[in-house]
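Peer 1: Model the full assembly from the supplied sequences, consistent with the hints where possible.
2 protein chains.
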Amino acid sequence: MQSRYFTIGDYPQGTPQRELFELHETELPALEDGEVRIRNTWLSVDPYMRGRMSGVKTYVEPFELNTPLEGGAVGQVIESRDARFPMGAKVRHMAGWRDIAQVKGDTLEALPTLEVPEQAYLGVLGMPGMTAWTGLHLVAEMRDGDNVLVSAASGAVGSLAVQLAKARGGTVVGIAGSQEKLDWLEAHAIKAVSYRGKDAGQLSADLKAACPEGFDVYYENVGGVCLEAALDNLRLGARIAVCGLIARYNDDVPSAGPSNLDVILIQRVRMQGFIVLDHWSQYPRFLEEVGPRVANGEIDYEETIEDGLERTPDAFLKLFEGTNRGKTLVRL
Amino acid sequence: MQSRYFTIGDYPQGTPQRELFELHETELPALEDGEVRIRNTWLSVDPYMRGRMSGVKTYVEPFELNTPLEGGAVGQVIESRDARFPMGAKVRHMAGWRDIAQVKGDTLEALPTLEVPEQAYLGVLGMPGMTAWTGLHLVAEMRDGDNVLVSAASGAVGSLAVQLAKARGGTVVGIAGSQEKLDWLEAHAIKAVSYRGKDAGQLSADLKAACPEGFDVYYENVGGVCLEAALDNLRLGARIAVCGLIARYNDDVPSAGPSNLDVILIQRVRMQGFIVLDHWSQYPRFLEEVGPRVANGEIDYEETIEDGLERTPDAFLKLFEGTNRGKTLVRL
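Protein chains in written order, with our numbering: chain L, 1 to 332; chain S, 1001 to 1332.
These are calculated hints, taken from the structure and not from any lab test. Watch out, some of these pointers could steer you wrong.
As the list claims (entries may be wrong) - No farther apart than 30 Å at their CA atoms in a straight line, the calculated lysine-lysine pairs in the DSBU-like style are these:
(1) S/1057 with L/191
(2) S/1166 with S/1208
(3) L/90 with L/318
(4) L/208 with S/1057
(5) S/1208 with L/57
(6) S/1166 with S/1198
(7) L/104 with L/90
(8) S/1318 with S/1198
(9) S/1318 with S/1090
(10) S/1198 with S/1208
(11) S/1191 with L/57
(12) L/198 with S/1057
(13) L/166 with L/191
(14) L/198 with L/166
(15) L/57 with S/1198
Claimed, not checked - If you want the footprint, here are the derived chain S segments under chain L, 3+ residues with CB under 8 Å:
(16) 1238-1246
(17) 1272-1286
Glycine included, each C-beta is placed from N, C-alpha and C at the ideal position.
Peer 2: Encoded structure:
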């Protein structure tokens, strides 16, 4: 059986170009004992993948050149030599960026059986959703009534973070770009502030107008002016969960950091970076808390979908254009 | 009885000038019930006082203009209408910057009775010492064997932080300026690195040479290039205790922050600002742990002493010249 997959032949500088991604086809070998063959139905593209294209170890190993890229995927078992995953089983795994995956059964997770579309396990109930919940509850230790600020608030992670925060009271403010994203936030009772065309001072003033008492928690996905403006608006004892710094992922040359880091001292701020994989043992707890609220419609989520394996690089590159909403997925 | 005291008549921009400080003399009123009169013997000057001269609330209220300045002091009761503090009692209090203090007994602490010079309660066993211990143990949660980096490592806070860290194993590196300070550190088995004339890249390379495995804890007193160089040398899960950012206290215009804040994400760093007053309830625990080690000579400390009330502003201003070592004090 043939498998088609994407590779990169080089580690790009700056924003990757479409030409970086090469589509290949190969004949899969016969299954070995313990292996499973999966027809992928949904592929995930995520901002963290940019880090794996940098050729240096960040918090995950870089992608290997000229080797199938990796990423979250959901699919159905079509051939199996692992009794735990029989033909027809729905599974989640990391052999994305391809149509047919052949992997060891040990690398698979059976999909839970909640009444949600299967691709939800790549988004609101997958890695991005778990990231939102982990940052808010385990890292920032949000308390009931806390005022919460979220950057990239309509993204896959941010859109869940704002809803989880809103459910626990306090003022919740989301930073986003396009009018469409701002409207989505406002429709969910989140105060929306645009970052477009603003320097840190202007953004800071707008955040102050949205939440004059300041924030107890800042859920950081962006960095840059968002971080500087957020620091200006923190309350005593505020916690910053640093989930991502997408503003900088494509920088060739490092940019200067915020000029107001003294806020960390003045307001006794705790700023903590985290990687969701370090907390994955808590996934069952997340699923138990958030899964039913997704299934019953209490938690809303959006998807930006591209169709066809060939479009996977395009879906990925859109993450850096700010045109996606919610979870970005490829449907095969 | 006359009391002589210092005031400021204005909130300075940039580095304060000697002329800012005005010496006054006043006749003290008769003691009211509950009040105590103290002949100060030692006055403390500390970097945080610069923040109180800025006219804006930082983590403490600004000094009031044309009103006696405040600061740590040790002295002896010479008249009392509070039975808890009889004539001759040795006390610590915040009515410094003056020779004779007249305050409510509620604002006094009786000096502990360890075999140490009384001025130690303004330094190694006072606020700076408690700050070192708090940052290292309560904020950074240092573990045995951790590699620890301390900036301003020969200062009142840093010089205790490096010794406390060294006693718990691991490589301890101190950043300081003059050769004399570096020598002091090396004499205490601390690896010493000079920041003088270096940009962040050079300082980072020198820190790497001193501790190639990187640091688990960074005790931050300085900011600026020290912070940037330290970030480059952190290990996974490192903790930064932000005690001070003296590099910036006299800035008119905020300087840019470090360009490598992404380390916080990559290495899952926790960076936390703290103010020792928030932790003062732990002072007895600190005294119990550190006091005997100071009394028996196991912990070494240095003092930079100016003589006479008139020299108090000079002692204070030296804090920003980097010429002081250990705790800076005024002896009356």
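Peer 1: Give me the numbers of the hints this structure contradicts, sorted from smallest to largest.
Peer 2: none
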